[in-house]
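K.L.:
The residues making up each chain are set out below.
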Amino acid sequence: MKKIEAIIRPHLLEGVKDSLQALGVQGMTISEVKGFGRQKGHTEVYRGSEYKVEFVPKVKVEVVVDDEIVEGVVESIVKTARTGKFGDGKIFVLPVEEAIRIRTGEHGLNAV
Amino acid sequence: MIKERIIGHAVSVLSAALLAAFPAAAQTVEERLATAEAAIGNAQTAGDNAWMLVCSALVLMMTGPGLALFYGGLVRRKNVLATMMQSFIMMAVMTVLWALIGYSLSFAKGNPFFGGLDYAFLKGVGTDPSGYAATIPHLTFMVFQLMFAIITPALITGAFAERMKFSAMLLFCTLWAIIVYFPLAHMVWGDGGYLNAFLGGKIPALDFAGGTVVHISSGFSALVCALYLGKRLGYPKTQMMPHNLVLSVIGACLLWVGWFGFNAGSAVAAGGLASNAFVTTHFGAASAALGWLLIEWIRLGKPTVLGGISGAVAGLVGITPAAGFVTPMSALIIGFIAGIVCFIAVTEVKKRLGYDDSLDAFGVHGVGGLTGALLTGVFANSAINTVFKDEAGNALPSGLLEGNGKQVLNQLLAALIAIVLGMVASWIILKVVDLLIGVRVSGENETLGLDVSQHGEEGYNLDFDYVSSATLSSGSTGAAANIVHE
Chain A
1 MKKIEAIIRP HLLEGVKDSL QALGVQGMTI SEVKGFGRQK GHTEVYRGSE YKVEFVPKVK
61 VEVVVDDEIV EGVVESIVKT ARTGKFGDGK IFVLPVEEAI RIRTGEHGLN AV
Chain B
1001 MIKERIIGHA VSVLSAALLA AFPAAAQTVE ERLATAEAAI GNAQTAGDNA WMLVCSALVL
1061 MMTGPGLALF YGGLVRRKNV LATMMQSFIM MAVMTVLWAL IGYSLSFAKG NPFFGGLDYA
1121 FLKGVGTDPS GYAATIPHLT FMVFQLMFAI ITPALITGAF AERMKFSAML LFCTLWAIIV
1181 YFPLAHMVWG DGGYLNAFLG GKIPALDFAG GTVVHISSGF SALVCALYLG KRLGYPKTQM
1241 MPHNLVLSVI GACLLWVGWF GFNAGSAVAA GGLASNAFVT THFGAASAAL GWLLIEWIRL
1301 GKPTVLGGIS GAVAGLVGIT PAAGFVTPMS ALIIGFIAGI VCFIAVTEVK KRLGYDDSLD
1361 AFGVHGVGGL TGALLTGVFA NSAINTVFKD EAGNALPSGL LEGNGKQVLN QLLAALIAIV
1421 LGMVASWIIL KVVDLLIGVR VSGENETLGL DVSQHGEEGY NLDFDYVSSA TLSSGSTGAA
1481 ANIVHE
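In the order they appear, the protein sequences are chains A and B. The first sequence maps to residues 1 to 112 in the working numbering. The second sequence maps to residues 1001 to 1486 in the working numbering.
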C-alpha cells in the first residue's frame, strides 16, 4: 500500500478526480491548502500599502492505493494536473503500514 | 421662493375649503384669517417634521450599520466584532449621555464656548419648536443632533482599531464627547457660539453640516490616538489585509445614502436649501470617487474597489461643511480635490510619517474635513445661502470667489480651534484613561484578537459539517470530503 499526496491547481481537481475514479480508486480526501514553490505569489495593494501574498491556494489530494496501481495513478495525475507552467504542484508517494476500516474493522487493502 | 409658492397654493386651497365649510357671515375676516394661518403653520410643520425625522434615522444608519460595516470589513477577522461593537456601542452610550447633559451643553444658552444646563435632562425640550428651527418640534431637532454626536466618536475608533481595550474606549469616548464634542458643537452651532456665523459668533465660520465639528475634530483626535497607542503588534511588517472588503463596500454605500440625512437634513427644513445640499452631497461623493481612482490608477497601477469607496467617503467628508453654501458645479470640484488630497494623505503621508492610523480616520476625516472647510471658504456663494448682509439687508459676498477673501481665513481659524482643542484634549484624556485603567490590551490579547479577548465571541463560527465543494457532491466516491477552512 502507498499513500499518494498530490498538491495541484484547485481548478484541475475535477479532472484529477475523474481520472482516478476511472482507474478504480475508491475514495479520496482533499484539503484546501496554501503554499509556495517556484511559482511566486502576487502583490496586493490596499490604500497604498503593498502586501506580498506568498502562499498560493492549492488543493491537496490524498489517496491510498495498492502498490500495483501506484505508477498508473501517478501518471494519471501528472497528465491531468499539468499545464506546463510554474505552480502545477508536486506528487509525493509514501509507504503505508496499515489501514483499518472503522465501520467493519477490516485491515489492509480491503480497508481502502 | 418654493416655500412661498407652496404657501400660496395652501392659502388658496384652504380659503376655498373654508369658504365652503363656513358661511361667511358666521365668522369675522380676522377669525377666518387666523384659522387659515394656523392651518398653514401646521401643514409646514408636518412636512418639515416628516423630513427631519427621516433624516435623523438616516444619520443613525451611517453609524450602524454603515460605519460598523465599513470599519468591520477593513480589520482582520479576529477583530471584526470588536470593531463593529465600537461603532454600535456609541449608539447607546452617546444617546444616554446626550439625554442627560449632552444636548444642554451643546445647544442651551451659555457662554461662547459651551452651553448651560437649561436643557439638562431634556427639561423644556418638547413638541413646541425651539429657536433653532421654527417649524419642527424641539424634540426632533434634539434627536437629529444626537445622531451627529453618535457618529463623531465612532469615527475616531478607526485610528485605534485592533488594539484598544473596550473599557478604555468607552471611557475615552465619553470624556471626549464632554470635553471636545459638546463644546465644539456649541461654538459652531449653538446660540451665541464663538464660531457661529448665523447666531452672532466672533469668528463667522461656515460649517453647514459638521465639517469642523464632526470631521476635523474626530480626524485630528484620531491622529493623536494613533500616535498615543502606538502601532499594532507587527505593523507594518506583518500582513494586515482587510479581511472582508465586501462588508466595507456595503458599509460605504450605506454611508453615502445616510449622508443625505446628514447634509440635506442640516437645512432643518424640507425646502430648496435641503435640495441643494442633497445634490451637492451626491456630486461631491461621485466626483471624489473618480478623483481617488484616477490618481490611484496612475500612481499604483490599478484602480481598487477600496480606493473607490474610500474616495467616495472622502468626498462626502469634504462636501459636508459646504453642502448648503455652494453650487452643484462647485461640489464636483470640491469632491475631486478631496478625493485626491485624501489619497495622498493615506498613501504617501502615512507611509512617510510611519504612524499606524489603522483605518485612516485621520487621513480621510481629518484631512478631508480640513480640505472641505477651506474650500467652503473659497466656493461659498451668497446666491445659494445668504450668510452676510449689510445694514440695509442686502446680501454680501460669502466666499473667496465672490470677493470675500477673508472667509478662507475664518475657515482656517475655526479649523485650527477644532484641531488644537481635539488634539490637546484627546492626549490628556488618553493619559488619564491610561493611568486609570490602561488603554491598550496586552500583547497576548492583541494576538488572540479583540473579539475573543474583549467580548468572548467570534465573528465567524464555521460549522464543520459544512461541505462546499460542488466537485465532490457530484460524484459518489463514498469518501467524506474534509474541507478545512483555514
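In short, the hints are calculated from the structure, not lab data. Even glycine gets a Cβ: it sits at the ideal position worked out from N, Cα and C. Any given hint might turn out to be false.
A few chain A residues facing chain B, derived, Cβ under 8 Å [stated by the list, open to error]:
{"hint": "1", "residue": "Val45"}
{"hint": "2", "residue": "Arg47"}
{"hint": "3", "residue": "Phe86"}
Across the chosen pairs, the derived CB separations fall in these ranges [claimed, not checked]:
{"hint": "4", "chain 1": "B", "residue 1": "Val1305", "chain 2": "A", "residue 2": "Arg82", "range": "42 to 48 Å"}
{"hint": "5", "chain 1": "B", "residue 1": "Val1305", "chain 2": "A", "residue 2": "Val78", "range": "55 to 61 Å"}
{"hint": "6", "chain 1": "A", "residue 1": "Leu94", "chain 2": "B", "residue 2": "Leu1353", "range": "41 to 47 Å"}
{"hint": "7", "chain 1": "A", "residue 1": "Asn110", "chain 2": "B", "residue 2": "Asn1461", "range": "35 to 41 Å"}
{"hint": "8", "chain 1": "A", "residue 1": "Gly24", "chain 2": "B", "residue 2": "Val1305", "range": "57 to 63 Å"}
{"hint": "9", "chain 1": "A", "residue 1": "Lys79", "chain 2": "B", "residue 2": "Leu1300", "range": "39 to 45 Å"}
{"hint": "10", "chain 1": "A", "residue 1": "Val78", "chain 2": "B", "residue 2": "Arg1077", "range": "34 to 40 Å"}
{"hint": "11", "chain 1": "A", "residue 1": "Val45", "chain 2": "B", "residue 2": "Arg1077", "range": "30 to 36 Å"}
{"hint": "12", "chain 1": "B", "residue 1": "Leu1300", "chain 2": "A", "residue 2": "Glu71", "range": "48 to 54 Å"}
{"hint": "13", "chain 1": "A", "residue 1": "Gly35", "chain 2": "B", "residue 2": "Lys1237", "range": "17 to 23 Å"}
Residues of chain A clear of chain B, computed beta-carbon distances all greater than 12 Å [as the list claims (entries may be wrong)]:
{"hint": "14", "residue": "Ile69"}
{"hint": "15", "residue": "Lys85"}
{"hint": "16", "residue": "Val93"}
K.L.:
Out of the numbered hints, which ones does the structure contradict?
P.N.:
3, 4, 5, 6, 8 and 11
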